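For what it's worth, this note's numbering labels the leading residue of the sequence shown as 1, then goes sequentially.
These aren't lab readings, by the way, just hints derived from the structure by calculation.
Keep in mind the model is a prediction, meaning the values are calculated, not measured.
Do not take every clue at face value.
Unchecked claim - Using C-beta positions, here's what the derived DEER-type ranges look like:
1. Gly110 x Gly25: 32 to 42 Å
2. Val41 x Arg158: 15 to 25 Å
3. Arg61 x Pro24: 43 to 53 Å
4. Asp99 x Phe46: 22 to 32 Å
5. Met98 x Thr26: 29 to 39 Å
Think of the CB as a built atom: it goes at the ideal place given N, C-alpha and C, for glycine as much as any other residue.
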Amino acid sequence: MTEPVATSPAPRRVPALGYADFEPGTVFESYARTVTEADLVAFTQFAGNRLPIFIDDEHARHVGPHGGRIVPGFLTASLSGAMLESILGPDTLAGLGMDGFRFTVPVRPGDTLRVRVTVLERRETRDPARGVVGVRVEVANQRGECALAYRTTVLMGR
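Whole structure, please, built from the sequences with the hints as guidance.
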């Protein structure tokens, strides 16, 4: 069963300028990124993924449950991290945690992904130069299906 990607409020395509721009409830949308065959090959070789559903087209088409090769979930998560970075910007100091990964539909080579980021929380820390921002990340394919959803918390400069 696929989760629909949230549709409101309307996303902002302009990257935030800093910590103060991350108001809870604000939604941002990233650039689009097509997952290529080269991405799949490079990632599986680098990570040592040897599952036939990632690397063996014949097996994936005839034996695998998806009718063809799919992209490893961690590749989708990695790509989403880069798209998230483009939204959070250079004031990001550290990732504090990533939780609740849900891979809901397979991603295939040729799919075009986009990240929708909903700000869940923003809180100050004891250090007035830093703050914490928590967001929900939804990775949608070109059909608007949510392929991956998770929550992440980052430490940001203020």
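Right, here's what the structure says about each hint:
In this structure the hint that Gly110 and Gly25 lie 32 to 42 Å apart at CB holds, the actual value being about 34 Å. Distance hint check for Val41 and Arg158: the Cβ-Cβ separation is about 41 Å, which falls outside the suggested range of 15 to 25 Å. Our hint of 43 to 53 Å for Arg61 and Pro24 holds, since their Cβ atoms are close to 45 Å apart. Asp99 and Phe46 have their C-beta atoms about 25 Å apart, which keeps the hinted 22 to 32 Å range intact.
For Met98 and Thr26, the hinted distance range of 29 to 39 Å is not satisfied, since their beta carbons lie about 20 Å from each other.
Of the hints listed earlier, those the structure fails to meet are numbers 2 and 5, in rising order.
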